[in-house]
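Spelled out, the chains give:
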Amino acid sequence: MLLFREGSREAFEELFSRHHRAVVRFAWRMTGDPSAAEEAAQEIFLRIARAAPTYHPTAKFTTWMYTVARRTTLNYLRDTKEDGEKVPILSAGEAEDGVFPVQLPGPDDRNPEQVVWEAQLTERFRRALGELPEGHRAAFVLNRGDGLSYEEVAQVLGVTVQAVKTRIFRAREMLLSRLSKDLSA
Amino acid sequence: MGCRDIRESISACVDGEASPGEAAAVREHLASCERCRVLERQMRAVGAGVRQVRGSVPDRFREEVFARLESEGALPKRKKVDSTTWRWVAVPLAAAAALGFFLLTPREGIRGPESPGPATARIETSSPPAPSPQGNGSALSAEDREMLAMLDLLEDPEAFDATDDAERMELLAPGNPADSPNPPRGGRSGV
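Note that the protein sequences, when read in sequence, are chains D and X.
Those letters in the first sequence? Residues 157 to 341, by our numbering.
Those letters in the second sequence? Residues 1494 to 1684, by our numbering.
It is possible that some hints are incorrect.
[Unchecked claim] Computed Cβ-Cβ distance ranges for the label pairs, DEER-style:
1. Ser1512(X) to Gly303(D): 28 to 38 Å
2. Thr214(D) to Ala1589(X): 11 to 21 Å
3. Arg227(D) to Ser1512(X): 29 to 39 Å
4. Ala1560(X) to Ala319(D): 38 to 48 Å
5. Arg1497(X) to Ala215(D): 28 to 38 Å
6. Arg1553(X) to Asp189(D): 31 to 41 Å
7. Thr210(D) to Val1584(X): 15 to 25 Å
8. Asp189(D) to Gly1509(X): 28 to 38 Å
9. Ser1512(X) to Arg177(D): 55 to 65 Å
10. Thr278(D) to Arg1520(X): 39 to 49 Å
11. Pro209(D) to Ala1516(X): 20 to 30 Å
12. Glu1557(X) to Phe217(D): 18 to 28 Å
13. Cys1526(X) to Thr210(D): 21 to 31 Å
It is worth saying that the hints were derived from the structure and are not from the lab.
Built from N, CA and C at the ideal position, the CB exists for glycine as well.
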């Protein structure tokens, strides 16, 4: 990025080659729509290029890049009338004792991370992800999807690490509530 | 610690972000709570789910991004060879070519009197020498004089540049003829 700031076109081409897949993926997970994701991803790179003259490496480049990406997608979602609070924090599906109404996997089940995510389930998951409040979705996607630590997510979102921890937990609760039947099938 | 109070810590444990004390408390709780063990497994599964939502890079995404960047001047142009650079390449090449041409060309005018060449050659060498301010014109053939003229030209870069050809040279990519031949280095405009 510093080389690009100094006028190297090749530096930007390298930067683009390294990160464009991650940017498109992030935009896709945040918007849930291919054309919206493409438009947002293009805008993200435009903003990165425009911001180059004032770029100062106070954090990892990827942290800065995801900050730009998140703000861009957030603005995009606001423009398309997302209010960011579509889902109540405590969902109606949560049982009184705090345990989700999910059919429990047996002890011999596979590792849950090895669950086969068939196309239909992935599509349901994508929709459920899109119903999360934007702040919860961003925290969950950055941590679980893009591999950022809680601390890095906190930098991107401009919140405390504790807030990130809570948002990710809430995101899990809401996703489990919506996908419980699918996960137990 | 009750189930409701420890679920957030279970989520942090799944992400590898729990403190040592928090992780110990979770392990202790899970050892005695079947429902939370199930919840922990589901939390792992739902974390894996987000990585299944991948999307794909659209066709021509790169071309469209770079076209937009170039249209608003946010991307430096590919480097061109400006006239100064071209001069430093062209002058040595032209000088080498001239020297080779000079060495490989028969110089009958110099050999003159000793040459057993044809009569026409003798007639040429016996003709009056062309007027020369340096007084050595009698030793040079027409080709030699042409070569010297070329070398004089090369020693005078201003005369060389007068053709303006170098100004239009571009090494890597065709550009807009209206572009400045000497773009500012290392800078970006319109940002």
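Checked hints:
Against the hinted window of 28 to 38 Å, the Cβ-Cβ separation of serine 1512(X) and glycine 303(D) comes to about 20 Å, which falls outside the hint. Taking 11 to 21 Å as the suggested C-beta distance range, the pair threonine 214(D) and alanine 1589(X) does not conform, at roughly 53 Å. One distance hint, 29 to 39 Å for the beta-carbon pair arginine 227(D) and serine 1512(X), holds here, with the actual separation near 30 Å. The hint said 38 to 48 Å for the Cβ distance between alanine 1560(X) and alanine 319(D), and at roughly 39 Å that hint holds.
For arginine 1497(X) and alanine 215(D), the hinted distance range of 28 to 38 Å is satisfied, since their beta carbons lie about 36 Å from each other. Restraint check, arginine 1553(X) to aspartate 189(D): a C-beta distance of roughly 18 Å breaks the suggested window 31 to 41 Å. At roughly 42 Å, the beta carbons of threonine 210(D) and valine 1584(X) sit outside the given window of 15 to 25 Å. About 31 Å separates the C-beta atoms of aspartate 189(D) and glycine 1509(X), a value consistent with the hinted range of 28 to 38 Å.
At roughly 33 Å, the beta-carbon separation of serine 1512(X) and arginine 177(D) lies outside the given 55 to 65 Å, and the hint is violated. Between threonine 278(D) and arginine 1520(X) the Cβ separation comes to about 32 Å, which falls outside the hinted range of 39 to 49 Å. Range check, proline 209(D) to alanine 1516(X): Cβ separation about 45 Å, and the 20 to 30 Å hint is violated. Hint check: glutamate 1557(X) to phenylalanine 217(D), Cβ distance near 23 Å, so the stated range 18 to 28 Å holds.
About 52 Å separates the C-beta atoms of cysteine 1526(X) and threonine 210(D), a value inconsistent with the hinted range of 21 to 31 Å.
In terms of the numbered hints stated before, the structure departs from hints 1, 2, 6, 7, 9, 10, 11 and 13, listed from lowest to highest.
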